[in-house]
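Enquirer: What follows is each chain in one-letter form.
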Amino acid sequence: AQSVTQPDIHITVSEGASLELRCNYSYGATPYLFWYVQSPGQGLQLLLKYFSGDTLVQGIKGFEAEFKRSQSSFNLRKPSVHWSDAAEYFCAVGLINTGTASKLTFGTGTRLQVTL
Amino acid sequence: DGGITQSPKYLFRKEGQNVTLSCEQNLNHDAMYWYRQDPGQGLRLIYYSQIVNDFQKGDIAEGYSVSREKKESFPLTVTSAQKNPTAFYLCATSRETDTQYFGPGTRLTVL
Numbered sequence: 001a002q003s004v005t006q007p008d009i010h011i012t013v014s015e016g017a018s019l020e021l022r023c024n025y026s027y028g029a030t031p032y033l034f035w036y037v038q039s040p041g042q043g044l045q046l047l048l049k050y051f052s053g054d055t056l057v058q059g060i061k062g063f064e065a066e067f068k069r070s071q072s073s074f075n076l077r078k079p080s081v082h083w084s085d086a087a088e089y090f091c092a093v094g095l096i097n098t099g100t101a102s103k104l105t106f107g108t109g110t111r112l113q114v115t116l
Numbered sequence: 001d002g003g004i005t006q007s008p009k010y011l012f013r014k015e016g017q018n019v020t021l022s023c024e025q026n027l028n029h030d031a032m033y034w035y036r037q038d039p040g041q042g043l044r045l046i047y048y049s050q051i052v053n054d055f056q057k058g059d060i061a062e063g064y065s066v067s068r069e070k071k072e073s074f075p076l077t078v079t080s081a082q083k084n085p086t087a088f089y090l091c092a093t094s095r096e097t098d099t100q101y102f103g104p105g106t107r108l109t110v111l
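Going down the list, the protein sequences come from chains Y and L. The numbers in the first sequence follow my numbering, run straight up by one, and end at 116. The numbers in the second sequence follow my numbering, run straight up by one, and end at 111.
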């Protein structure tokens with residue numbers, strides 16, 4: 001069975017500093033990979049996704065992520081964090097070729113705190 | 001205005017009651033999903049539906065039921081058999097094997 005690990009439960013960075021959130025997955029097939037962000041009490045918003053092609057993907061709000069097959073990783077990065085980036089971030093892995101439904105497995109999330 | 005709506009935003013249930021959470025979408029997506037979110041556990045799949053009148057159990061279906069009578073609607077009933085229903089419930093939709101988009105969620109609390 002597939003699994004997703006986000007090893008950092010909580011990260012604190014200063015505004016303007018760079019950010020990297022780690023995500024490792026265990027999968028027997030070619031995965032779909034996603035990063036979502038969630039503000040308190042809200043739903044999840046898609047930041048970016050990787051299906052195929054260029055392994056460095058750009059997303060919204062200045063985020064990017066790099067797929068490294070050899071390391072089974074899909075880490076999220078941002079060169080300069082803004083106070084509004086404080087939220088919880090979820091990495092997710094999806095199955096390909098399952099008909100019309102895409103079943104996702106989520107990591108347990110990383111809570112980002114930004115200090116001014 | 002396109003999107004996914006969930007209602008109510010907050011829901012309180014007494015012990016032994018069934019409650020139904022609403023999820024409606026006007027994105028014309030075929031697939032719909034229900035997730036449960038607990039602190040520190042990420043999201044866990046309860047049920048999903050690929051087409052009207054068809055749905056499958058996810059990883060934690062016990063104590064829950066769903067229906068899919070219309071493409072736009074996928075209500076979730078939390079039954080009295082669910083022993084620990086207090087959680088944040090999220091509905092999502094997708095078009096084929098594509099990205100899932102999430103609604104704003106319903107917070108259910110058992111009194």
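To be clear, the hints were calculated from the coordinates, so they are not data collected in a lab. There's no promise every hint is true.
[Claimed, not checked] Derived DSBU-like pairs: lysine-lysine, alpha-carbon spacing no greater than 35 Å straight-line: (1) 9(L) - 49(Y); (2) 57(L) - 9(L); (3) 71(L) - 61(Y); (4) 103(Y) - 61(Y); (5) 57(L) - 71(L); (6) 61(Y) - 14(L); (7) 57(L) - 70(L); (8) 68(Y) - 70(L); (9) 71(L) - 9(L); (10) 57(L) - 14(L); (11) 14(L) - 71(L); (12) 9(L) - 70(L); (13) 83(L) - 14(L); (14) 71(L) - 49(Y); (15) 49(Y) - 57(L); (16) 103(Y) - 14(L); (17) 103(Y) - 68(Y); (18) 9(L) - 61(Y); (19) 49(Y) - 70(L); (20) 49(Y) - 61(Y); (21) 83(L) - 68(Y); (22) 14(L) - 49(Y); (23) 70(L) - 103(Y); (24) 103(Y) - 71(L); (25) 83(L) - 70(L); (26) 70(L) - 14(L); (27) 68(Y) - 49(Y); (28) 9(L) - 83(L); (29) 57(L) - 83(L); (30) 49(Y) - 103(Y); (31) 71(L) - 83(L).
All figures in this text were calculated on a predicted structure; none of them were measured in a lab.
Enquirer: Next, verify each hint and record whether it holds.
Expert: Tested hints:
As the CA atoms of residue 9(L) and residue 49(Y) are separated by approximately 28 Å, the hinted pair is consistent with the 35 Å bound. For the hint pairing residue 57(L) with residue 9(L), the CA-to-CA distance comes to about 24 Å; that is within 35 Å, so the pair holds. Between the alpha carbons of residue 71(L) and residue 61(Y) the distance comes to roughly 32 Å, so the proposed pair stays at or under 35 Å and holds. Taking the CA atoms of residue 103(Y) and residue 61(Y), the gap is about 26 Å. The hint holds against a cut of 35 Å.
Of the pairs offered as hints, the one joining residue 57(L) and residue 71(L) holds, with about 18 Å between alpha carbons and a cut-off of 35 Å not exceeded. Between residue 61(Y) and residue 14(L) the alpha-carbon distance is near 41 Å, which puts this suggested pair outside the 35 Å criterion. Between residue 57(L) and residue 70(L) the alpha-carbon distance is near 18 Å, which keeps this suggested pair within the 35 Å criterion. Between residue 68(Y) and residue 70(L) the alpha-carbon distance is near 41 Å, which puts this suggested pair outside the 35 Å criterion.
The straight-line distance between the Cα atoms of residue 71(L) and residue 9(L) is roughly 22 Å, inside the 35 Å bound, and the hint therefore holds. For the suggested pair residue 57(L) and residue 14(L), the alpha carbons sit about 25 Å apart, so the restraint of at most 35 Å is met. Between residue 14(L) and residue 71(L) the alpha-carbon distance is near 31 Å, which keeps this suggested pair within the 35 Å criterion. For the suggested pair residue 9(L) and residue 70(L), the alpha carbons sit about 22 Å apart, so the restraint of at most 35 Å is met.
Taken as a hint, the residue 83(L) and residue 14(L) pair is honoured in the structure, with Cα atoms around 12 Å apart against an allowance of 35 Å. With a CA separation close to 26 Å, the supplied pair residue 71(L) and residue 49(Y) stays within the 35 Å bound. The hinted pair formed by residue 49(Y) and residue 57(L) meets the criterion: a straight-line CA distance of about 25 Å does not exceed 35 Å. Our distance criterion of 35 Å between C-alpha atoms is met by residue 103(Y) and residue 14(L), whose separation comes to about 32 Å.
Distance restraint check for residue 103(Y) and residue 68(Y): the Cα-Cα separation of roughly 22 Å lies within the 35 Å cut-off, and the hinted pair is therefore satisfied. Restraint check for residue 9(L) and residue 61(Y): the C-alpha separation of about 27 Å stays at or below 35 Å, so the hint holds. Between residue 49(Y) and residue 70(L) the CA atoms are separated by roughly 29 Å; this keeps the pair inside 35 Å, and the hint holds. Proximity of residue 49(Y) to residue 61(Y) is assessed by CA-CA distance (about 14 Å); at most 35 Å being required, the pair is judged to hold.
A C-alpha spacing of about 41 Å is found between residue 83(L) and residue 68(Y), which places the hinted pair above 35 Å, so the restraint is violated. With a CA separation close to 40 Å, the supplied pair residue 14(L) and residue 49(Y) exceeds the 35 Å bound. Restraint check: the Cα-Cα separation between residue 70(L) and residue 103(Y) comes to about 21 Å, which is no more than 35 Å; the hinted pair holds. For the proposed pair residue 103(Y) and residue 71(L), the alpha carbon gap of about 18 Å is at most 35 Å, so the pair holds.
The suggested pairing of residue 83(L) with residue 70(L) holds, with an alpha-carbon distance near 29 Å, which does not exceed 35 Å. Restraint check for residue 70(L) and residue 14(L): satisfied, since their Cα atoms lie roughly 29 Å apart, inside the 35 Å limit. A hinted pair counts as satisfied when its Cα atoms are at most 35 Å apart, and residue 68(Y) with residue 49(Y) qualifies at roughly 14 Å. Distance hint between residue 9(L) and residue 83(L) is fulfilled; the C-alpha atoms sit about 21 Å from each other, no more than 35 Å.
With a CA separation close to 18 Å, the supplied pair residue 57(L) and residue 83(L) stays within the 35 Å bound. Between residue 49(Y) and residue 103(Y) the alpha-carbon distance is near 15 Å, which keeps this suggested pair within the 35 Å criterion. Among the hinted pairs, residue 71(L) with residue 83(L) is consistent with the structure: their alpha-carbon atoms are about 30 Å apart, no more than 35 Å.
In the structure shown, a violation is registered for the earlier hints numbered 6, 8, 21 and 22, in ascending order.
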